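Asks: Below, each chain spelled out in residue letters.
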Amino acid sequence: MPAGYLALVLHAHLPFVRHPEMPECLEERWYFEAMTECYIPLVEVLQGLLRDEVAFQLTISLSPPLLSMFADSLLQQRYLSHLEAMIQLGEAECRRTAGDADLHPLALMYLDRLKDVWRAYTEKYACNLVGAFRALQASGKVELITTCATHGYLPLMRTREARRAQIGVAVEFFARHFGRPPAGFWLPECGYTPGVEELLKEFGIRYFFVETHGLLHADPAPRYGVFAPAGCTNGVAVFGRDPESSRQVWDRQTGYPGDYFYREFYRDIGYDLELDYLRPYLPAGNIRVDTGFKYYRITGPGPHKEPYHPRLARERAAEHAAHFLFHRQQQVLYHGKKMDRPPLVVAPYDAELFGHWWYEGPQWIDFLCRKISFDQDIIHMITPGQYLSLYPGLQIVDLPMSSWGEGGYNRVWLNPSNDWIYRHLHRAETAMADLADLHPEALGLKRRALNQAARELLLAQSSDWAFIIRTETAVEYARKRITEHIGRFNLLVEQLENDCINEKTLQEMEYRANIFPELDYRIYSRHRRYNAGCVGPGRPLRILMLSWEYPPATVGGLSRHVYDLSRALARLGDEVHVITCPVAGEEPYCLHQGVHVHRLLPEQLGARDFLTWVGQLNQGMIELTHKVIDTWGVPDLVHAHDWMVGEAGERLREDHRFPLVATIHATECGRNRGIHTDLQRRIHEREYQLTRKAAMVICCSNYMAEEVTRLFDLNAEKVRVIPNGVDPANLTVGRVTEPDCGHLYGLDPNIVFLGRLVPEKGVQVLLEALVSISERVRGVRLLVAGRGPYEEYLKGLAADLGLSSKVQFTGFVDDLGRNRLLETARVAVFPSLYEPFGIVALEAMAARVPVVVADTGGLGEIVEHGVDGYKVPPGRPEMLAHYIIKLLSCPELAVEMCRRAWRKVITIYDWQYIAEQTRQVYYHVIAAGREARVITGNF
Amino acid sequence: MELPRHYNENRLILLVQEPTVIFGYWELTRGVWHSLGEGCTLFLRLYATGLNQVGAVLREVSLPPFTSDWYFRDVFPDHAYQIELGYYGPEGEFYPLLRSNQVITPRVRAVEGVARFLTVETATRGDTAQDAAAIPENYIFWGVYSSLDLMNKC
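So the protein sequences, as listed, match chains A and B.
Here the first sequence is numbered in the working numbering, starting from 4 and rising by one per residue.
Here the second sequence is numbered in the working numbering, starting from -15 and rising by one per residue.
Take the hints with a grain of salt, since some may be wrong.
Here are some chain A residues the structure puts well away from chain B; computed CB gaps all over 12 Å [said to hold, decoys possible]:
no., residue
1, G303
2, N413
3, P605
4, L608
5, D858
6, H868
7, Q915
With the Cβ distance kept under 8 Å, some of the chain B side facing chain A (calculated, not the full set) [said to hold, decoys possible]:
no., residue
8, V0
9, R29
10, R83
11, E96
12, F101
What the hints contain is simulated information worked out from the structure, not anything from laboratory work.
Given the structure is predicted, the values throughout are model-derived calculations rather than measurements.
All C-beta atoms in this analysis are idealised placements derived from N, C-alpha and C, irrespective of residue type, glycine included.
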């Protein structure tokens, strides 16, 4: 066994530069130069190692843009023309330097190399390097991985959807080219931000890399530093870059590439010779560029340069390889003493360094691999994937944000030179996610437009543009690229919104940006997950839904929730059986809107005492379930809503091993601000039991999830937040006009409140606010819909405040009444002091009424202040008044808010999405249940 | 082709530049501008936040006209921040127009803590977690490298 390992990682990437609309393009030369000097020489070196049976292991990250350019026929053809022109230049150089003892041999050398490259490219690789890399992967000596779709810099993206697309598109693209998904992932610029590991895991990635401090500053600090991988809490492995080996290769002063015998990059005949002579080989015949004919060595720090001696440079490359190896040996010997496994040195580099900037780089890699293989046995080469197979035990850490850019964080990609790009990129991210959610199944032209919009966004996100702008190299080009991609994206959004897609323009865009031909825009949807078992619609489930109330019986929001969820699941193809209480006039069984509704018999529930009644309810539910199973078959799982049906859920889980999911809509402790009575205590205990026994607990807001996790001391992993949905169709029944934000202009200044009249709903705060509102807004009226124990007090308060003529208590309203009321509202106000979710606010938003809500509980999570409504701290009448007045006196503002709120309702709170998210939880518990059974079986 | 000057949206976005610098940018709709009226001075407030609760105001900036972004320098690493864009009412009350997302600046030093190991194949279930008790005595930090001088990769 070796004392340690070295993982040499080369990350190969260039931005996607391909301009079919122009006969030639200066920036395409970046790719041509890298092909000649870097990629082809590297592949040649690796093939030589294979031929000579050298025991090497290398990891190469190939970016999707680079792979696309390798495989693109236009660029293949253009590269050949470029290569041929360079060969002609080489021949001219041989003639020009004839007789010069120093330069002529170099001109000959370059010409020979160019011809070698041409032969290799056309004959061996058939003009496509993808095949060459495929063969390297098949050899087992090279582990190929990939990076983000267009090398987008993840820490500065706004949305999870944008990050998901950058990762997911890349993984799928890679798998298409190499027949299998990559095991590892190179984060562009080593840019890590918390949460990225979740997305990597979603796409089956096992490991990624971070910069040194990204791992050393983890919580807790990793015991083995960067000399062993660590693990994120979700099990994805992370490798830290070794700083010492980086410095030896990268550092401008002390690194190998600065050696005086190495070739000087900055002396190129493209800048040194007469323009007339060079003209046939330059872009546009007059733009001076690097030609690759560089005749001098670095020589020293000054301007004086000596001619280059390939033999001496080659010797230096061999010496540097030996030096590098010696230091790695010392490193692993030293650190290995303190470790329970052989240390691993992770040395990642940009592939373009080798051959392009550091001309002798490929030779150095060649020497290094051979020396490691033949000259010693202390250190072996390995890939990260292999190391993980040998040493799967990982220390679990929390990583901070980090990158390998200057400063170690985001400064290179976010600074006053390039910060302006983010307002465009971020807006496009959100717009793209909205489009994906608004058009879940687009076809034909619309589908093409959506896919192209996704392509343009991806291309605009390349980290290269921000980097180039910062380094002031090809600023104009980078600006142009961002402007064009965002411009085309915006145009497509506009055309999609107005449903007037111009096919000709679209075709032109597709012709120009032909990357990712198989792209599916739906990867941007907020509601899709791609991890194992959840791809596509999934197999239909048989679900047993336990709820004490179900329409037409409706006491609180629970009934409505179970009704909407069950119907949405049925629409997805699931077989849903609701077990619930009897209701006068309803049959014990009926199939309603695709949902099987089974009701207990009234005589099963005879008890007068509440808890005894609940006991009967649960006993009845268990009996009824057995009948349902006899007729319909065994369900995949049981979903219990709130503590009232908890006992039945737990018993069914224990007796039949059905996985149990529980939704906690509200808690006894939360409702009563603590546990004060014996009854409350018993309910609290039932809630505790149910949440402990359930495999997963669903809450409708982060607020509730936090409350439930804390009260019942649950593992946070077990609690999922899935918001309530809203069905806009339910809000149109009984209205005279269709809901429309534009209607707000014509309405009287009516303020509407809907809810039970109890202190925690905060109507008293609204009444106080109404005093100053009525001073500022003529004709204002408050409509209070609902009833409850606080009603008389509130009426008295209104009278005391002199508001009797301005406030109308309408009493209880049913759905129709609610809809009619919302139709007349200019603003809906929900000033609650406690609110687990606040479905009424969502309903008002769905009815196109602007909302002002108290920033409390789940209510605060629905509204984004100043964007789709206003949020006021609870119990602040003067602030409440201020924002209500704003909306009443400025209809333009009200319309803007209402439009945004409506978009939120249809892109986030659609029941279909909520049902899909709920299904993810179902699949999760079913899979976990299966595993648990296997484990139990083993003992 | 030119980029639009604005998108007629209300948004206030906060980003981390580095552990001690955060960057915010914003945009307001025509409706909001109209509702503000002429000559209204906007302010940017920086808050330290945790658990989504808006905490104390750390700084307040009176924004010069036509400003649409701002760098807050000398903030603390490993802290949660949020910003608000707003104005003062006649009675001296601050009214936020927009509230940003929360950002957490990265920490810049190693953190001591109990090491917990997990085996990757089964890591998803978390059932093979060894406890720190099983780990050998001398618990050393490997922060022997000052990482800040290593990042000049260009």
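Asks: Each hint needs a verdict: does it hold in this structure or not?
Replies: Hint check results:
1. G303: holds, 22 Å
2. N413: violated, 5 Å
3. P605: holds, 46 Å
4. L608: holds, 41 Å
5. D858: violated, 9 Å
6. H868: violated, 5 Å
7. Q915: holds, 26 Å
8. V0: holds, 6 Å
9. R29: violated, 13 Å
10. R83: At about 5 Å, which falls below the 8 Å cut-off, the nearest Cβ of chain A leaves the hint on R83/B intact, so it holds.
11. E96: holds, 6 Å
12. F101: holds, 5 Å
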